[in-house]
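In the order they appear, the protein sequences are chains S and A.
Its first residue numbered 1, the first sequence is counted upward by one per residue in the numbering used here.
Its first residue numbered 1, the second sequence is counted upward by one per residue in the numbering used here.
Worth flagging that the hints you see were computed from the coordinates, not collected in a lab.
Computed from a predicted structure; not experimentally measured.
Take these hints with a grain of salt, some might be off.
Pairs involving identical chains hold if they fit within one copy or between any two copies, as the list cannot separate such chains.
What the hints assert, rightly or not - Derived DSS-like pairs: lysine-lysine, alpha-carbon spacing no greater than 30 Å straight-line:
#1 Lys53 x Lys79
#2 Lys100 x Lys23
#3 Lys34 x Lys79
#4 Lys128 x Lys53
#5 Lys23 x Lys34
#6 Lys79 x Lys195
#7 Lys128 x Lys34
#8 Lys165 x Lys195
#9 Lys100 x Lys34
Number of protein chains: 2
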Amino acid sequence: MRLARPLENLIDQLLKLPTIGPKTAQRLALYILKMPPAEARQLAQAIIDAREKVFPCSRCGYLTDSNPCAICQDESRDKEILCVAEEASDIIAIERTGYKGRYYVLNKNFNLMGDNNLEELNLDPFIKQLAAGTIKEVVLALNPDIEGEVMARYLAGIAVNHGVKATRLAHGLPVGGDIEFADEITLRRALEGRKEI
Amino acid sequence: MRLARPLENLIDQLLKLPTIGPKTAQRLALYILKMPPAEARQLAQAIIDAREKVFPCSRCGYLTDSNPCAICQDESRDKEILCVAEEASDIIAIERTGYKGRYYVLNKNFNLMGDNNLEELNLDPFIKQLAAGTIKEVVLALNPDIEGEVMARYLAGIAVNHGVKATRLAHGLPVGGDIEFADEITLRRALEGRKEI
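Isolated chain S, as found in the complex (with noise of 0.2 Å):
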């Protein structure tokens, strides 16, 4: 198949992005070159951009272009409480749920299965955020799996040491789920987790 060599590259460099599938590559690829120059333009330069003025917040590691970020700025937001979560995508999905308190991003792909271990996250600033002495519970917003497990006790562990509470998220039923086809272990935390109504 002979492609043009700028084309072929364009379609390389996409095939790196998850996702994107050769074909899926192609398709972007072809409807890129239809695209007004100057939309491509935009569409380069916001990834430029992007990579250049984002970068983790120093305070709670939340993704901004602003440091401290928009959310450590906001003197509305509660300071008792303080979320932990493994990644920047996880606090968009809960500051949906209109969470009011503050963050603290990992910001680690953390793999318990090959070489890490838990002394190489840069704990530091939680640390330095609990000693303040202002936070008086930890939630633990780690994924329901075997690592979110073993980190959620480690990080409870700091927690409690420094006086504070350390919760994790419920487990459950999801909601609009179904309970014939829910696994047996979430189906065990539901039943553990029951509340009266």
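Based on the hints, put chain A in the right spot on chain S.
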């Protein structure tokens, strides 16, 4: 939800692309933020280069960065057979079959159901090639739908007027397909086109 403005802008730009929904746009944008800066620049540059350096070949309409394109310049290709396709992406697929003739790409999002009519197709380069007298057969590789059918008949008429044979791609069962699940029109065409073995 508070997102850093350059991140929000990147998500908006990615959302303009086909097959990219809000979740994928967010995932891609967050991935781009974690790419090494040099790689993010390469991706951005690939978009600009592809858009600026690739254009339709003046002879066949296929996408190229040199004029005429590599296929038109290839003297080993059969000059007597011309394959007409709607889009450059169709050529990429046909090239994979080992087809060795030349091409003519209509390069138009044709929409007979909308306001377009056949006169809007710029067919001058096509007619010029037919008039030159080298071409013996025009293979109409148009999509097997109503618009492709109408366009095929129109182009076949032009070819025959120039004393050139016009053919269409065969209809039939896709290889690996299942007779049970074939639609009735495809199955009827497969029956009509049956071959002695």
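Quick rundown of the hints versus the structure:
no.	hint	in the structure
1	Lys53 x Lys79	within (27 Å within a copy, 53 Å between copies)
2	Lys100 x Lys23	between (42 Å within a copy, 23 Å between copies)
3	Lys34 x Lys79	between (50 Å within a copy, 29 Å between copies)
4	Lys128 x Lys53	within (26 Å within a copy, 53 Å between copies)
5	Lys23 x Lys34	both (17 Å within a copy, 24 Å between copies)
6	Lys79 x Lys195	within (28 Å within a copy, 78 Å between copies)
7	Lys128 x Lys34	between (52 Å within a copy, 26 Å between copies)
8	Lys165 x Lys195	within (21 Å within a copy, 78 Å between copies)
9	Lys100 x Lys34	between (44 Å within a copy, 27 Å between copies)
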